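Chemist: In case you want the letters, here they are:
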Amino acid sequence: MSSAKPTPPPAPKLSGVAYIPRWFGGVCCYLIFGLGGLISSLTIMPVLRFWPGSYAVKVSRVQRFVSWMFRGFVAMLTFAGVIKVNQTQIKQLNNITGTIVVANHPTLVDVVVLISLMPNVGCVVKQTLWRNPFIRGVLSSAGYIPNRGAALLLEDCAQVLSRGTNLIIFPEGTRTVTGSIINPFARGAANIALRTRSNILPVILRTDVAGLTKQQPWYEIPQQTINMSVEVGDIFAYQTYRQLDSGEAKLARQMTRELEQFYKTQLVHPIPF
Amino acid sequence: MQSREQIYDMLCGILVDEFEIDREDINLDASLYQDLDLDSIDAVDLVIKLQQLTGKKIQPEEFKAVRSVSDVVDAIDGLMKQ
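Chains as they are written, first to last, in UniProt numbering: chain D, 1 to 273; chain Y, 1 to 82.
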């Protein structure tokens, strides 16, 4: 792996009056994100949905649109000074198809950053969000996958991956607990890879300060700009594991252990408290 | 007809061989998901394995309520008696 760009120095910590514009900027980002979701599901989503084309064409159109919107949203977060994203190998993220993209999960906006870098990607979204009337329209138009239990989930993922769409999975299941390098990985990503015969591309999200973590309330806008570098590792090929003579459940355990090990060696430092 | 002990031994064999679980961690009270760290995909695999070994068809609904090792033994015992 090549991390060509040197990491920028940590940003200054704003306090007092200097922090006020940062806080307003950050809170505005939340408002615009929510409003953007609502307005686009009432306007652009229906247009994209009824514009002629096969189901696959429609879905990929919506995915490209979401990616484009999220690029704008990341630019807004950068403008507000919440986060600054450094990417060196985004080409690879642009060119892959039918691949499972796994990443560690340091902040609230990881999925937004990843989708902004990928025009052709879906994700698994928990059932509670499918009941949310504001974003349900976007989720289904973009062909995202509801988590409907193991057997159905595997079928859905196989279908999405076979269309060439990539799939983002955070094996940590939730944001990294501060003080840890990563949370223990769930085996879903490895299981999906092995059973749908897809490769895993590991993406490393390296942050220099703790911000937008699971332990902080959403309105606690970071005082220090989070420098996040997006780095792409080498593919974990499903064939490497399938060659071995053991059951899929065991292979998934092995693949998951090796993924965890990879992230621990790459990240080295825990998310600070 | 298999006794409950035989069913338990068979289940232990599957858990050790297919799911890398330590034999010492398995007892009747152990929870499949918390103590033995199975996930929902493992549960599907386990059902398939049990169907192969018992020759009985297991309905997913019958396995929904299963939480512990003894629940599995009960469910299989019930099936074998049918």
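If you are wondering where the hints come from, they were derived from the structure by calculation, not from laboratory data. No experiment lies behind these values; they were computed from the predicted model shown. Careful, some of the hints might be misleading.
What the hints assert, rightly or not - Derived pair list, reagent style SDA-like, types lysine to any residue, alpha-carbon separation capped at 20 Å: (1) Y/K64 - D/A150; (2) D/K264 - Y/R23; (3) Y/K81 - Y/Y8; (4) Y/K49 - D/A151; (5) D/K214 - Y/V44; (6) Y/K64 - D/G149; (7) D/K91 - D/C29; (8) Y/K49 - D/A150; (9) D/K91 - D/L108; (10) Y/K49 - D/K13; (11) D/K250 - Y/E20; (12) Y/K64 - D/W68; (13) Y/K49 - D/R242; (14) D/K250 - Y/I21; (15) Y/K49 - D/T178; (16) Y/K64 - Y/D45; (17) D/K250 - Y/V44; (18) D/K250 - Y/D17; (19) D/K250 - Y/D35; (20) D/K91 - Y/V47; (21) D/K250 - Y/K81; (22) D/K214 - D/T178; (23) Y/K49 - D/I39; (24) D/K250 - Y/M80; (25) D/K214 - D/P270; (26) Y/K49 - D/G149; (27) D/K214 - Y/P60; (28) Y/K49 - D/L152; (29) D/K58 - D/W68; (30) D/K250 - Y/C12; (31) Y/K49 - D/K58; (32) D/K91 - Y/K81; (33) D/K126 - Y/D17; (34) D/K250 - Y/R23; (35) Y/K64 - D/T178; (36) D/K13 - D/Q216; (37) D/K250 - Y/D74; (38) Y/K49 - D/S246; (39) Y/K64 - D/I168; (40) D/K250 - Y/E18.
Chemist: Each hint: holds or not?
Modeler: Now for the hints, and whether the structure bears them out:
For the suggested pair Y/K64 and D/A150, the alpha carbons sit about 12 Å apart, so the restraint of at most 20 Å is met. Using a Cα cut-off of 20 Å, the hinted pair D/K264 and Y/R23 is violated, with the two alpha carbons roughly 29 Å apart. For the suggested pair Y/K81 and Y/Y8, the alpha carbons sit about 15 Å apart, so the restraint of at most 20 Å is met. A distance of roughly 15 Å separates the Cα atoms of Y/K49 and D/A151; the hinted pair therefore holds under the 20 Å criterion.
Note on D/K214 and Y/V44: the hinted pairing is violated, with a Cα-Cα distance of about 31 Å set against a maximum of 20 Å. A C-alpha spacing of about 11 Å is found between Y/K64 and D/G149, which places the hinted pair at or below 20 Å, so the restraint holds. Under the criterion of a C-alpha separation no larger than 20 Å, the hint pairing D/K91 with D/C29 is inconsistent with the structure, at around 27 Å. Taking the CA atoms of Y/K49 and D/A150, the gap is near 16 Å; set against the 20 Å cutoff, the hint holds.
The straight-line distance between the Cα atoms of D/K91 and D/L108 is roughly 24 Å, outside the 20 Å bound, and the hint therefore fails. A threshold of 20 Å between alpha carbons decides the hint, and for Y/K49 with D/K13 the separation of about 56 Å lies outside it, so the pair is violated. Distance restraint check for D/K250 and Y/E20: the Cα-Cα separation of roughly 7 Å lies within the 20 Å cut-off, and the hinted pair is therefore satisfied. Annotation: proposed proximity of Y/K64 to D/W68 is violated, straight-line Cα distance about 41 Å (limit 20 Å).
Restraint check for Y/K49 and D/R242: satisfied, since their Cα atoms lie roughly 19 Å apart, inside the 20 Å limit. Proposed proximity of D/K250 and Y/I21 is supported: the alpha carbons are some 10 Å apart, at most 20 Å. For the given pair, Y/K49 sits about 39 Å from D/T178 by alpha-carbon distance, which is inconsistent with the 20 Å threshold. Between the alpha carbons of Y/K64 and Y/D45 the distance comes to roughly 14 Å, so the proposed pair stays at or under 20 Å and holds.
Between the alpha carbons of D/K250 and Y/V44 the distance comes to roughly 14 Å, so the proposed pair stays at or under 20 Å and holds. At roughly 9 Å between alpha-carbon atoms, D/K250 and Y/D17 fall within 20 Å of each other, so this suggested pair holds. This hinted pair checks out: D/K250 and Y/D35 have alpha carbons roughly 17 Å apart, not beyond 20 Å. Among the hinted pairs, D/K91 with Y/V47 is inconsistent with the structure: their alpha-carbon atoms are about 43 Å apart, more than 20 Å.
A C-alpha spacing of about 32 Å is found between D/K250 and Y/K81, which places the hinted pair above 20 Å, so the restraint is violated. Distance check on the hinted pair: D/K214 and D/T178 sit about 8 Å apart at the alpha-carbon level, within 20 Å; holds. Proposed proximity of Y/K49 and D/I39 is contradicted: the alpha carbons are some 49 Å apart, above 20 Å. Between D/K250 and Y/M80 the CA atoms are separated by roughly 28 Å; this puts the pair beyond 20 Å, and the hint is violated.
Using a Cα cut-off of 20 Å, the hinted pair D/K214 and D/P270 holds, with the two alpha carbons roughly 14 Å apart. For the given pair, Y/K49 sits about 19 Å from D/G149 by alpha-carbon distance, which is consistent with the 20 Å threshold. About 35 Å separates the Cα atoms of D/K214 and Y/P60, which puts this hinted pair outside 20 Å; it is violated. With a C-alpha separation of about 19 Å, the suggested pairing of Y/K49 with D/L152 holds against the 20 Å cut-off.
Of the supplied pair hints, the one linking D/K58 and D/W68 holds, its CA atoms being roughly 15 Å apart against a limit of 20 Å. With a CA separation close to 15 Å, the supplied pair D/K250 and Y/C12 stays within the 20 Å bound. Between Y/K49 and D/K58 the alpha-carbon distance is near 40 Å, which puts this suggested pair outside the 20 Å criterion. Distance hint between D/K91 and Y/K81 is unfulfilled; the C-alpha atoms sit about 60 Å from each other, more than 20 Å.
Proposed proximity of D/K126 and Y/D17 is contradicted: the alpha carbons are some 32 Å apart, above 20 Å. Between D/K250 and Y/R23 the CA atoms are separated by roughly 16 Å; this keeps the pair inside 20 Å, and the hint holds. Proximity of Y/K64 to D/T178 is assessed by CA-CA distance (about 35 Å); at most 20 Å being required, the pair is judged violated. A threshold of 20 Å between alpha carbons decides the hint, and for D/K13 with D/Q216 the separation of about 17 Å falls inside it, so the pair holds.
Of the pairs offered as hints, the one joining D/K250 and Y/D74 is violated, with about 26 Å between alpha carbons and a cut-off of 20 Å exceeded. Annotation: proposed proximity of Y/K49 to D/S246 holds, straight-line Cα distance about 14 Å (limit 20 Å). For the proposed pair Y/K64 and D/I168, the alpha carbon gap of about 28 Å is over 20 Å, so the pair is violated. Distance hint between D/K250 and Y/E18 is fulfilled; the C-alpha atoms sit about 6 Å from each other, no more than 20 Å.
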